[in-house]
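Participant: My request is simple: use the sequences and hints to build the entire structure.
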Amino acid sequence: MGLFSTNPVAALGRATLEGVGAIGRVGLFAARGIAAAISPPWYPRQIIAQFASVGFLSLPVVGLTAWFTGAALALNIYSGGDRFNAETVLPQIVALGITRELGPVLAALMLAGRVASAMASEIGAMRATEQIDAMVTLSTDPRRYLIAPRLIAATISLPLLTLITDIIGVAGGMQVSNYLIDLSPGIYIANTMDFLTAWDVESGLIKSAVFGFIIGLMGCYHGDSAKGGARGVGRATTSAMVSAAVLILAADYLLTSVFALK
Amino acid sequence: MTTTAKIAWTGISKRFGAQVVLEGLELAVAPGRSLALLGRSGQGKSVTLKLALGLMKPDAGQVLLDGVDVTRQSEAERRASFRGIGMLFQGGALFDSLPVWENVAFRLINADGVGRAEARDRAVEALALVKLAPEVADRYPSELSGGMQKRAGLARAIVGTPSLLFFDEPTTGLDPITAGAINELIRDRVTSLGCTAVSITHDMASARTIADELAMLDNGRIVWRGRADELDHADHPLVRAFVTGQSME
Amino acid sequence: MRASWAETIMGFAVLAFAALMLTYALGVSGLKHSSGTYEVSARFGEAGGIQPGAKITVSGVKVGSVSDVTIDPKTYLAVMHLSLSKDVKLPSDSTAKITSDGLLGGAHIALMPGGAEDDLKPGGEINNTQGAVDLFGLIGQFIRPQSGSPAAASSADSAAKAPAAAPAPAAPKAAADLPEM
Ligand SMILES: Nc1ncnc2c1ncn2[C@@H]1O[C@H](COP(=O)(O)OP(=O)(O)OP(=O)(O)O)[C@@H](O)[C@H]1O
Ligand SMILES: [Mg+2]
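Which chain is which? The protein sequence lines are A, B and C, in order. First residue of the first sequence: 16, per the working numbering; consecutive thereafter. First residue of the second sequence: 2, per the working numbering; consecutive thereafter. First residue of the third sequence: 33, per the working numbering; consecutive thereafter.
Errors might be hidden in some of the hints.
Per label pair, the in silico range of CB-to-CB distance [what the hints assert, rightly or not]:
{"no.": "1", "chain 1": "C", "residue 1": "Asp100", "chain 2": "A", "residue 2": "Asn91", "range": "35 to 43 Å"}
{"no.": "2", "chain 1": "A", "residue 1": "Asp215", "chain 2": "C", "residue 2": "Asp100", "range": "20 to 28 Å"}
{"no.": "3", "chain 1": "B", "residue 1": "Gly147", "chain 2": "A", "residue 2": "Gly243", "range": "16 to 24 Å"}
{"no.": "4", "chain 1": "A", "residue 1": "Gly247", "chain 2": "B", "residue 2": "Asp60", "range": "17 to 25 Å"}
{"no.": "5", "chain 1": "B", "residue 1": "Ser75", "chain 2": "A", "residue 2": "Asn91", "range": "53 to 61 Å"}
{"no.": "6", "chain 1": "B", "residue 1": "Arg140", "chain 2": "A", "residue 2": "Val257", "range": "33 to 41 Å"}
{"no.": "7", "chain 1": "C", "residue 1": "Ser99", "chain 2": "A", "residue 2": "Asn91", "range": "35 to 43 Å"}
{"no.": "8", "chain 1": "B", "residue 1": "Asp139", "chain 2": "A", "residue 2": "Thr271", "range": "44 to 52 Å"}
{"no.": "9", "chain 1": "A", "residue 1": "Asp215", "chain 2": "B", "residue 2": "Arg16", "range": "58 to 66 Å"}
Note that these hints are calculated values from the structure, not bench results. Ideal Cβ positions, reconstructed from N, Cα and C, are used throughout, including at glycine.
Facilitator: Structure below.
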């Protein structure tokens, strides 16, 4: 039985109901998480600890990603873009691509892998070993102690990381252009800075705040609803990562269309 | 019992899917009394405690804490009433991201607003009560043996002197000497501090020391209840089997 | 969670690198405003592509930016208000030319110093100007000489008229005076 019911219409109906139910549960979880995040009491130590692990410790991986992406983008514009003289505006295309799209999305995807999964496995393990129950009996609200700090840290850290991504991505492009087409770093940067508008960077940062929230939400939600011991925690970890990545890309498309039509 | 019970389970039924765990459970503990809950493995003793803490919802019945039905309380109300309750989980349930002393002082720091330095001192005192040396305070739970984790969990349950204590197998995994000390500690909480205690145990010697009364849970309800000195001439076959340690015929 | 030393150092290294890069970028792009700026104006028959903020260069080096673009209600010429660095003194007969940065890029104003003895005064006007060449207009005109959409026709029109309407079509002479670029 279950999803393998002989009646495909019934199976479809059941799957739809399950989907709607899941959206409702995530929505409720998100609403409660936001409510806990924006109202006192807060746990500053937990918030700082999350900033350290979500933001600061993600710097190396995000920095490397940004560098290689900027460099590869510059190479592609050079080798593929010469069909329409695009190499004359190479710095501009790298800057636009990094700030508006690749910086926010790649930083978010790296964090989906690094952070959403870690959150899900940590909270899932705490569920499985009754640590969350224990916290309630110690008169502490897990939503405030565990969930809110993670949502806050992820939502604020990712835009900051994206800013770093923007800078290092441009540096990657600059370095490649320097040895490839002998474009001096000074001219590269001058072109980039003249061309970029505040909105190019801002739109990327707005997106990344949304992505950060998605990462925190998926990590916490899947961890909190983990069932069935170590296997369940493993499943939760994977679901957190995959659902965060898919939602990030979907939200990217939505937000970009909103910005483009603005 | 004429006074209101400190904690009372009335008409509790609880099932997981098709499996019926509790069915019409009736159990009450008067203030200042210590009850040992006995029963074969998997009969629902841990579930009984979790129901009292509102961590699970019963399918039917009420749990009255000081006369108030906890199954109808909101989460926030329950958290407030937990200030007077200490709970030792069967698996310890220590927070593995925090050092031992912060585990023990968790409620003091995060709910009672006690300063970290003072909370630490009080945690070290509580650790001494469960025979854990002050050096243990800075270790992480993963660096402790099973019995040490159990004792750290016990220290966490008694810190802040709650008036109602739940212990899920407090002496399991301990050597006889340490177990004896823990039994004394629980006994002392009840006699000198006037706490009410409900302890789950499989250890009959422990049960005799810590409990004024014993209750045997079987097939979803209490099948026998009596004082410690009534244990030896109880005529219920399950109780006799527990006392003699021989399987039932 | 306790972070290892290596992780912490790596984090600081990335931050330091980003900070260095940012300082460098701001240093390169930032106009050295130390000595302040002065304003001059220039009239163009075709302002195509120039917006406030567009850069102004001399021999390819940025020396200022366009602060405003208005229209002269009498002559219908575009009036550019140019904000130049005080470090750069230009002869009064210098030439301003709108130059495109490439097909996809924006446009900027290139100044070519003249040979006169006296300098341009703050508030003065650059009389020698060369307007933008409306590339797309020219292409449109070339592809569809007669018909086509009204919009294309009118833009081609303006492109054709623009150089004639410019007050001082002295480009060849100015170019001859140019120091090597
Ligand atoms: N969360 C749960 N989901 C499903 N079944 C559960 C859950 N918790 C407990 N059970 C079931 O309820 C029954 C009673 O469990 P409980 O933990 O109360 O046993 P116990 O009496 O404490 O046993 P032990 O002495 O071994 O600790 C068990 O059969 C168990 O399978
Ligand atoms: Mg149990």
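Participant: State, for the Cβ atoms of C:Asp100 and A:Asn91, whether the hinted interval 35 to 43 Å holds or is violated.
Facilitator: 39 Å, holds
Participant: Could you see if the CB distance from A:Asp215 to B:Arg16 stays within 58 to 66 Å?
Facilitator: 59 Å Cβ-Cβ, so the 58 to 66 Å window holds.
Participant: Starting from the hint 35 to 43 Å, judge whether the C-beta atoms of C:Ser99 and A:Asn91 obey it.
Facilitator: Taking Cβ atoms as reference, C:Ser99 and A:Asn91 lie about 37 Å apart, which means the hint holds.
Participant: A range of 20 to 28 Å was offered for this pair. Does it hold for the Cβ distance of A:Asp215 and C:Asp100?
Facilitator: 23 Å, holds
Participant: With respect to the beta-carbon atoms only, verify the hint that B:Ser75 and A:Asn91 lie 53 to 61 Å apart.
Facilitator: Because 57 Å falls inside the window, the suggested range holds.
Participant: Is 16 to 24 Å a correct range for the gap between the Cβ atoms of B:Gly147 and A:Gly243?
Facilitator: Taking Cβ atoms as reference, B:Gly147 and A:Gly243 lie about 23 Å apart, which means the hint holds.
Participant: For the hint 33 to 41 Å, verify it against the beta carbon of B:Arg140 and that of A:Val257.
Facilitator: 36 Å, holds
Participant: 17 to 25 Å was suggested as the range; check whether the CB atoms of A:Gly247 and B:Asp60 agree with it.
Facilitator: 24 Å, holds
Participant: Assuming the hint says 44 to 52 Å, is it satisfied by the Cβ distance from B:Asp139 to A:Thr271 or not?
Facilitator: 50 Å, holds
In this structure, none of the earlier numbered hints is contradicted; all agree with it.
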